[in-house]
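K.L.:
Sequence:
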Amino acid sequence: MLAGYVAGALEPHMHALITAHLMLSDENRGFVRALEAEAGAALDRIDAPLPQRVPRDHVLSAIYAGGYYGTGRPAQHDPELPSPLFRLVGKPLDQLPWKRKLPGLKECKVYDKGGVEAVFYHISAGSRMPKHTHAGSEATLVLRGAFHDERDLYRRGDVALADGFVEHRPTTSRDEDCVCFAVTDAPLKMTGAVWSVLQKLFGK
0 MLAGYVAGAL
10 EPHMHALITA
20 HLMLSDENRG
30 FVRALEAEAG
40 AALDRIDAPL
50 PQRVPRDHVL
60 SAIYAGGYYG
70 TGRPAQHDPE
80 LPSPLFRLVG
90 KPLDQLPWKR
100 KLPGLKECKV
110 YDKGGVEAVF
120 YHISAGSRMP
130 KHTHAGSEAT
140 LVLRGAFHDE
150 RDLYRRGDVA
160 LADGFVEHRP
170 TTSRDEDCVC
180 FAVTDAPLKM
190 TGAVWSVLQK
200 LFGK
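All residue numbers for the sequence shown refer to numbering that gives the first Met the number 0, where the first residue is 0 and numbers rise by one.
Hints in this document: simulated from the structure, not taken from any laboratory. Among the clues, some could well be false.
[Said to hold, decoys possible] No more than 20 Å apart at the CA atoms, straight line, and that leaves these computed lysine to aspartate or glutamate pairs for EDC-like: (1) 90 / 77; (2) 130 / 77; (3) 188 / 106.
[What the hints assert, rightly or not] Pairwise CB distance ranges (calculated): (4) 39 / 168: 36 to 46 Å; (5) 36 / 173: 41 to 51 Å; (6) 40 / 188: 35 to 45 Å.
Note that the Cβ used here is the ideal one computed from N, Cα and C, for glycine as well.
The task is simple: from the sequences and hints, build the whole structure.
P.N.:
Written out as structure tokens, the structure is:
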């Protein structure tokens, strides 16, 4: 996934998720820098016309404006919400239009098209989510609080990856609500005893 990020090959919401992860956590920054350096060296070896150079003044203006891919910093901001994700919703986490899905679980869906879903989740402290697997891939970035599953513990800035080979039941920590941003490219597949009912609740 990080190689796809460096190559610019990720779906835009997944790209925003990984950018936010790199802003919040230094775990993978070194690896991404190494991939970028390798990609740059490979481009240098290609005998092709150089792209048009951007004027220095334009570059400096974007930097001083806090630009991100040429876009200025939003007028509002949320210290909990990295700018790539803030741009998706235009408001702080606590002001999102949350919709209750299950006891202890609220969501704010920001994208649902072509099988790809991008969703913010607000999960109450000490909650256990339905046991499930995945028809495709899922990346979940923790923005507040923490959760664990059968594999690991995930805190702010961590990304949990899952696919059809992973069956898990995420559980939030008892001392704080958990807020996450997740991007999936296929529906969840409930595996618990009441999976058919929950599948309808999740809309797939």
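K.L.:
The structure should be examined with respect to each hint, and the outcome stated for every one.
P.N.:
Okay, the hints, checked on the actual structure:
{"no.": "1", "hint": "90 / 77", "in the structure": "holds, 8 Å"}
{"no.": "2", "hint": "130 / 77", "in the structure": "violated, 32 Å"}
{"no.": "3", "hint": "188 / 106", "in the structure": "holds, 18 Å"}
{"no.": "4", "hint": "39 / 168: 36 to 46 Å", "in the structure": "holds, 42 Å"}
{"no.": "5", "hint": "36 / 173: 41 to 51 Å", "in the structure": "holds, 43 Å"}
{"no.": "6", "hint": "40 / 188: 35 to 45 Å", "in the structure": "holds, 42 Å"}
Violation of the numbered hints given earlier is confined to hint 2; every other hint is satisfied by the structure.
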